[in-house]
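Enquirer: Heads up, the sequence shown is in our numbering, so the first residue is 1 and it goes up one at a time.
These are computed hints drawn from the structure, not numbers from a lab. Note that this is a predicted model, so its numbers are computed, not measured. There could be a bad hint or two in this list.
Between beta-carbon pairs, the in silico distance windows are [to be verified]:
1) Ser19 <-> Leu39: 10 to 20 Å
2) Leu3 <-> Ala36: 24 to 34 Å
3) Thr43 <-> Glu11: 14 to 24 Å
4) Ala36 <-> Leu2: 32 to 42 Å
5) Leu2 <-> Phe35: 29 to 39 Å
6) Lys18 <-> Leu39: 11 to 21 Å
7) Thr17 <-> Glu38: 16 to 26 Å
8) Leu2 <-> Asp30: 13 to 23 Å
9) Gly12 <-> Ala41: 13 to 23 Å
10) Thr32 <-> Ser4: 14 to 24 Å
Idealized CB from N, CA, C, for every residue including glycine.
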Amino acid sequence: MLLSVHYYDAEGRVLQTKSQNHLDGQDIIDNTYNFAGELTASTRSHTEVVPGQQLTLLTGISMTTWAQDCHTGKYQRTGRGGTEQTGLY
Numbered sequence: 001m002l003l004s005v006h007y008y009d010a011e012g013r014v015l016q017t018k019s020q021n022h023l024d025g026q027d028i029i030d031n032t033y034n035f036a037g038e039l040t041a042s043t044r045s046h047t048e049v050v051p052g053q054q055l056t057l058l059t060g061i062s063m064t065t066w067a068q069d070c071h072t073g074k075y076q077r078t079g080r081g082g083t084e085q086t087g088l089y
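Work out the full structure: start from the sequences and follow the hints.
Expert: Shown next as structure tokens:
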């Protein structure tokens, strides 16, 4: 049986999700929010158990953020979206 656990903040937003994967490791998703409550980053790490060692694969995805210009009222992108970083540790 695969299990999942969700951790919430006081506003009911999901801060972290931990779940078992089919390789007896864990999938962990960490979410970051800005002051307005918008999701700004979501980072996923995947671990699998290899006999004699533990292998961890980290994948981070950065969300695009937008800010409203005070003078024109138009929204401008302030961050890069869809950025993926993968590393083997």
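Enquirer: Each hint needs a verdict: does it hold in this structure or not?
Expert: Now for the hints, and whether the structure bears them out:
1. Taking the beta carbon of each, Ser19 and Leu39 are about 19 Å apart, inside 10 to 20 Å as hinted.
2. The hinted range of 24 to 34 Å is satisfied by Leu3 and Ala36, whose Cβ atoms lie roughly 33 Å apart.
3. Roughly 20 Å separates the CB atoms of Thr43 and Glu11, a value that falls within the hinted 14 to 24 Å.
4. A hinted range of 32 to 42 Å for the beta carbons of Ala36 and Leu2 is consistent with their spacing of about 34 Å.
5. The supplied range of 29 to 39 Å is met by Leu2 and Phe35, whose beta-carbon atoms lie about 35 Å from each other.
6. Between Lys18 and Leu39 the Cβ separation comes to about 18 Å, which falls inside the hinted range of 11 to 21 Å.
7. At roughly 18 Å, the beta carbons of Thr17 and Glu38 sit within the given window of 16 to 26 Å.
8. Distance hint check: the CB atoms of Leu2 and Asp30 are about 20 Å apart, consistent with the given range 13 to 23 Å.
9. Under the hint 13 to 23 Å, the C-beta atoms of Gly12 and Ala41, about 19 Å apart, fit the expected range.
10. Distance hint for Thr32 and Ser4: a CB-CB separation of about 20 Å, consistent with the stated range 14 to 24 Å.
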